[in-house]
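Let chain A serve as the given structure and place chain B on it in line with the hints.
Chains A and B, in that order, are what the protein sequence lines are. Here the working numbering is used: the first residue of the first sequence is 1, the next is one more, and so on. Here the working numbering is used: the first residue of the second sequence is 1, the next is one more, and so on.
Don't read these hints as lab results, they were simulated from the structure. Computed from a predicted model, the values in this text were never measured in an experiment. Errors might be hidden in some of the hints.
Per label pair, the in silico range of CB-to-CB distance [what the hints assert, rightly or not]:
| no. | chain 1 | residue 1 | chain 2 | residue 2 | range |
| --- | --- | --- | --- | --- | --- |
| 1 | A | Thr103 | B | Phe152 | 43 to 49 Å |
| 2 | B | Arg36 | A | Ile36 | 24 to 30 Å |
| 3 | A | Pro12 | B | Trp42 | 42 to 48 Å |
| 4 | A | Arg13 | B | Val129 | 46 to 52 Å |
| 5 | A | Trp85 | B | Val129 | 46 to 52 Å |
| 6 | B | Ser71 | A | Arg104 | 44 to 50 Å |
| 7 | B | Val133 | A | Arg104 | 35 to 41 Å |
| 8 | B | Val133 | A | Met107 | 43 to 49 Å |
| 9 | A | Ala119 | B | Gln145 | 33 to 39 Å |
| 10 | B | Val129 | A | Asn100 | 27 to 33 Å |
| 11 | B | Pro85 | A | Val26 | 43 to 49 Å |
C-beta: ideal position from N, C-alpha, C; glycine also.
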Amino acid sequence: MHSPIPPVIEAPRSAPNRRRRGGTNVELYAWLFMRISGIFLVVLVLGHLFIMNILDGGVQRINFAFVAGRWASPFWQVWDLSMLWLAMIHGSNGLRTIINDYTRRDMTRFWLKALLYSAATITIALGSLVIFTFDPTLN
Amino acid sequence: MSSTPVTTASTPAPSGKQTSGKPKPATSRPAGTIYRGREGMWSWVAHRITGVLTFFFLFAHVHDTALVRVSPQSYDTVIDTYKNPFVNLMEIGLVGAVLYHALNGLRIIAVDFWEKGPRYQRQMLWTIVGVWVVVMVPGAYFMFQHSFETLFGSK
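Next comes chain A alone, as it looks inside the complex (with noise of 0.2 Å):
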């Protein structure tokens, strides 16, 4: 058998070549992601569920006013975006990694990360549409 490329012998105590042939380091930066990101929803999960759920009768007192009040003030705006726009992504690369480690078959593998992205993608279009055309006076 004829391998068109021949194989490279490296020169005795030449460097190691780390990085692979053809390889990328999206997982390194996908590893990276997740605990810079974890570090940012630490801060903005944690205070938007005290806020929400047990702060001044938590969710009792959640309604469409109380919504209207929170994003006339773009400090909360930018809250929720940038939490709505890292979770979804941290919880999309954490499920794709659980995709990776439980699928045994190429096409179960596919279809299920296809599926993750399509809703992923939906869900963070749409909940960057509400927060930038929200108007309070519907109605």
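Positioned in the frame of chain A, the structure of chain B alone reads:
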């Protein structure tokens, strides 16, 4: 990469008694049915489960909030379903799951980036479990207060 429970680094090797110099094949337990167990593995299992539960709730939550773009009435109707005692219990479960995931996530960051992190991973787990209990007891009390009054209250 993140699927590997790196937090088991300090789990000690099983201390079976060596009768001879040769390692003999393990016959008592099939290999590979369970990972190394103990705090390192179970914290990782709990991290996965709480993460998946939170992510599925997040989908529902973005869509229920999107109803503010439909009409105030439809939003208020759906939000009212959050205000009954049964859903209230599930909210406490959600807060507990998110809080564990957040605290254990910080522990994972410490294991990965702090040079002594792997050595203290077990102590850090029991620390975050302690913090979780200290936060959840008053948190659950305030979250369930209204439901308690609805169910058993005098007012």
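Do the hints match the structure? See the list:
1. At roughly 47 Å, the beta-carbon separation of Thr103 (chain A) and Phe152 (chain B) lies within the given 43 to 49 Å, and the hint holds.
2. Between Arg36 (chain B) and Ile36 (chain A) the beta carbon distance is about 28 Å. The supplied range of 24 to 30 Å therefore holds.
3. The given range of 42 to 48 Å is respected by Pro12 (chain A) and Trp42 (chain B), whose C-beta atoms sit roughly 47 Å from each other.
4. Look at Arg13 (chain A) against Val129 (chain B): about 50 Å separates their beta carbons, and that is inside 46 to 52 Å.
5. Roughly 30 Å separates the CB atoms of Trp85 (chain A) and Val129 (chain B), a value that falls outside the hinted 46 to 52 Å.
6. At about 46 Å, the beta-carbon gap between Ser71 (chain B) and Arg104 (chain A) stays in the expected band of 44 to 50 Å.
7. For the pair Val133 (chain B) and Arg104 (chain A), the supplied restraint of 35 to 41 Å holds, since their beta-carbon distance comes to about 39 Å.
8. Roughly 44 Å separates the CB atoms of Val133 (chain B) and Met107 (chain A), a value that falls within the hinted 43 to 49 Å.
9. Checking the proposed 33 to 39 Å range against Ala119 (chain A) and Gln145 (chain B) shows it holds: the Cβ atoms sit about 35 Å from each other.
10. Between Val129 (chain B) and Asn100 (chain A) the C-beta distance comes to about 29 Å, which sits within the given range of 27 to 33 Å.
11. Range check, Pro85 (chain B) to Val26 (chain A): Cβ separation about 46 Å, and the 43 to 49 Å hint holds.
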